[in-house]
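Protein chains: 2
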Amino acid sequence: MELVPIGVIHSPYQERGQAPRQGRLSDNEITLEIHPQFAAALKNITRCSHLIVLYWGDRANRETLQSRTPFSEVPVGVFTSRSPNRPNPIAVCVADLIRQEENCLIVRGVDALDGSPLLDIKAYAPAIDCIPQATNQHIPDTLDGIAQGKSLHDR
Amino acid sequence: MELVPIGVIHSPYQERGQAPRQGRLSDNEITLEIHPQFAAALKNITRCSHLIVLYWGDRANRETLQSRTPFSEVPVGVFTSRSPNRPNPIAVCVADLIRQEENCLIVRGVDALDGSPLLDIKAYAPAIDCIPQATNQHIPDTLDGIAQGKSLHDR
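So the sequences go chain by chain: A and B.
The opening residue of the first sequence carries number 1 in our numbering; numbering runs sequentially from there.
The opening residue of the second sequence carries number 156 in our numbering; numbering runs sequentially from there.
Treat the hints as calculated values from the structure; they're not laboratory data.
None of these values were measured; they are calculated from a predicted model.
Relax, there's no trap hidden among the hints.
Footprint (simulated), chain B over chain A, 3 or more residues, beta carbon under 8 Å: (1) 3-11; (2) 33-47; (3) 65-75; (4) 78-86; (5) 90-103; (6) 117-129; (7) 136-147.
These stretches of chain B come out as covered by chain A in the derived footprint (C-beta under 8 Å, 3 or more residues): (8) 159-166; (9) 195-206; (10) 232-243; (11) 274-281; (12) 292-302.
From the three backbone atoms N, C-alpha and C, an ideal C-beta is built for every residue, glycine too.
My request is simple: use the sequences and hints to build the entire structure.
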């Protein structure tokens with residue numbers, strides 16, 4: 001299972017501490033540069049207001065199985081969290097597509113460090129991706145709560 | 156960028172034609188078997204009602220850049236669609252977590268073929284993953300529309 005980079009992400013975040021906790025917490029414009037040999041796969045992309053963006057966390061720790069989060073004093077499993085550190089560091093962001101400039105997509109909502117390899121782009125579809133009734137006793141249910149890193153429980 | 160299987164998916168779908176068009180169109184229970192060496196990463200997983208499940212489409216065609224979809228007579232780019240065929244065949248499903256049985260998670264909403272390698276599991280968080288106002292001129296905005304494969308446009 002070997003991945004090919006379909007492009008590269010240009011972002012203002014050079015180091016982990018500069019990136020927002022979640023992409024949707026920042027209004028920064030990010031550029032997804034798609035390599036020319038994959039540009040044909042962008043056909044009709046502007047039909048989508050939002051995209052699911054998958055990128056490779058090339059600076060992640062793949063050995064981490066549990067970690068503290070901003071919301072918990074005690075470590076939780078990485079599969080229970082959104083930690084960038086995990087056995088396969090494939091990050092998933094829902095991005096707002098602002099505009100297309102040839103083989104580049106200008107988006108908001110992506111928390112990738114500058115230079116991260118781009119892996120995949122998919123149309124976001126509310127009917128299949130939006131589950132408003134989902135509950136989560138671990139991650140706050142508002143962007144403000146996530147930004148503040150308020151603890152939900154330490155039990 | 157090499158992936159490790161964190162587990163394997165057991166589903167009733169042996170061939171492409173048997174799987175639902177989208178995981179959320181079926182109530183079938185699917186088993187995510189996590190390999191023992193990664194089981195520690197499941198700690199507290201039952202705090203989540205829904206999970207983002209990433210798996211490897213090991214029977215996908217990685218050369219496909221455009222394809223017809225159930226919703227269009229003319230081919231669209233695979234980055235504009237949810238086609239399983241794409242340069243990096245990483246499938247993303249939002250699954251309902253029904254229960255945990257040791258290192259297995261019983262879920263609904265996953266369209267994987269039986270035996271597909273499991274790549275990652277993340278907590279689904281409505282605050283960051285649910286964008287009800289997203290628009291998409293390509294994929295129908297209801298599950299019924301997706302099931303029926305109704306054409307949205309052919310322009």
